[in-house]
Each structure stands twice: as C-alpha cells, then as structure tokens.
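Go ahead and model the full structure; you've got the sequences and the hints to work with.
Chain residues, written in single-letter form:
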Amino acid sequence: MNFWYFLTALTLLSASMVILSKNPIHSVLYLVFTFFCISGHYVLLNAQFLMAVNIVVYAGAIMVLFLFVIMMMDLSKNSPDSKSTLTKLAGAILGGTLLVILIAASRKVDLKDVKPIDAQTGMVEGLGQILYRDYVLPFELVSILFFVAMVGAVMLGKREAGERNF
Amino acid sequence: MQQIPDVIREIPLNYYVWFSAALFCIGIIGVLTRRNAIIIFMSVELMLNSVNLLLVAFSSYKADPAGQIFVFFIMAVAAAEVAVGLAIIVMIYRNIQTIDVGLLNKLKW
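For the record, the sequence lines run as chains X and E. For the first sequence, numbering that gives the first Met the number 0 begins at 0 and goes up steadily by one. For the second sequence, numbering that gives the first Met the number 0 begins at 0 and goes up steadily by one.
Don't read these hints as lab results, they were simulated from the structure. Ideal Cβ positions, reconstructed from N, Cα and C, are used throughout, including at glycine. Honestly, I wouldn't trust all of these hints.
As the list claims (entries may be wrong) - If you anchor each label on the Cβ, the simulated ranges turn out as follows:
1. E:Gly101 with X:Leu9: 48 to 54 Å
2. E:Asp5 with X:Ile92: 34 to 40 Å
3. E:Gln96 with X:Asp109: 24 to 30 Å
4. X:Leu19 with E:Asp5: 30 to 36 Å
5. X:Phe2 with E:Gln96: 44 to 50 Å
6. E:Ile73 with X:Gly125: 17 to 23 Å
7. X:Val123 with E:Asp5: 44 to 50 Å
8. X:Ile143 with E:Asp5: 15 to 21 Å
Following this line, the structure appears as structure tokens:
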C-alpha cells in the first residue's frame, strides 16, 4: 500500500506548508491542496459521498471565501510581522509534546480486531437512507443554522452610516 | 459480499490515529505561532479536518455509517462557522486596518 504512505506524506507536507509559508495566498492554496489529499484518503476509505462533499464544501466554498477575504484586504501594506523566535519555539515544542503524548497514549490501545463487515458504508445510497430516515431532524436543523449564520454574516459585514470605506 | 478496500485490509487503524494526531498538532502549532488572523483560522480548519478524517476512518473500519453522517454535520457547521468568522475578521480589519492578533489586546487588562 505504497500509495497510502505517499498520500499521507503529501498531506502532512502541504499541511505544514500552510503554516510555514509567508504569503497568505500561498497558505490558502496549500490548504486547498491539503483538502484534496484528504479527499483522496476518503476515496481510499471507500467514502465516496464524503469525498464529494469535502471537495464541494471545503475546497470549493470555504476556500473561495478565504481567498476573497484575503483579496479584499491590503495585507502588503501592514502585514502582521511574525512572532518572536522564542514564541515560535515554545509553540512548536508545545505542539510536538502534544503529538508525542497522543501517540504514546494511542500506542496502548489495541485496535487490531476491528474489521469491517461490508465495504458499502460510504456510498451515497446507504448514507442517504440513513440521513433521511434516522437523522431527518438534525438535517432540517442545519438549514436553520445556515440561515442564522447567513443573517449573522450580513449583519456583521454591513457598513454603518458614516463609516469610512476601504 | 462487496470487495473490502485494500487500505482497510492492509493499513492498521492505528496509522490513521497517528496521522490525524500529526495533522491536529500541525494545526495547533499554526494557531500558536502565527499572528495573521486568517492563517490562525485556516489552522483551525486543518484541525477540524483531521478530526473528520479520524471519524471517517473509524466509520469505515467498523462499517458504521453514523460516523460519516456525523462528519457531514461537522462540515455543515464548519461552513456556517467560517462565514461568521470571516465576517468578524473583515469587521476587525475595517476597524483597526490590520488583522494582527497581537494588536487585539484591548481585553487584556
């Protein structure tokens, strides 16, 4: 399963490029690439529906939103200077320590006997049956959540009278 | 009986746990070390995606579709969260002309 290791390395590499690159536009593009790699993992796991949703929602909608917001701001004029080396070192050490702790904790867990009965869990048909039969109420509540989020975003972004423009 | 994918047969589930932990820690390091509010927000998205990946892996390995439904709802909530969060960032930029989180210290004292 060499392709799995290749895809994993590619995902981790592009994810670290997200936080390492100086230009925010490059960060967004690396993040889009990371999401495509994660979609590739979904394909390998036979979760075709979530692969499509991941590409459409994350790589399609959310990242375009990020790109538009970055393009609206003039970040070259007063871009945030990076934190001090001490803070960066402390953050990296803290994240690395957390990774070590997580791996050490999960090494004790024995997950070997988990094997699937059938491989059709991620298909659109099966997920649709469950989504519209068992999870109808949360599915409808999501529409209310989207409505509230839309109203909230418009409220926050609305220009008040007398406020200066960009 | 359908064909079980090669990944599920050959890759142990522990590898997915470690992979997701690594992605999550990259997101945490991004939040802790960057000062650009948009990059911090993108690191949060990275952490959300690592959790999504772990949920999908467990769901596929155990053939339990409820995990993938849960990921679907997480994606819906993340989309709403991004809309509101980016609106807040745009408001911050409009008020103080920068998105450096180091300058947002009015609540510090």
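Hints, verified against the model:
| no. | hint | in the structure |
| --- | --- | --- |
| 1 | E:Gly101 with X:Leu9: 48 to 54 Å | violated (33 Å) |
| 2 | E:Asp5 with X:Ile92: 34 to 40 Å | holds (38 Å) |
| 3 | E:Gln96 with X:Asp109: 24 to 30 Å | violated (55 Å) |
| 4 | X:Leu19 with E:Asp5: 30 to 36 Å | holds (32 Å) |
| 5 | X:Phe2 with E:Gln96: 44 to 50 Å | holds (47 Å) |
| 6 | E:Ile73 with X:Gly125: 17 to 23 Å | holds (19 Å) |
| 7 | X:Val123 with E:Asp5: 44 to 50 Å | violated (21 Å) |
| 8 | X:Ile143 with E:Asp5: 15 to 21 Å | violated (41 Å) |
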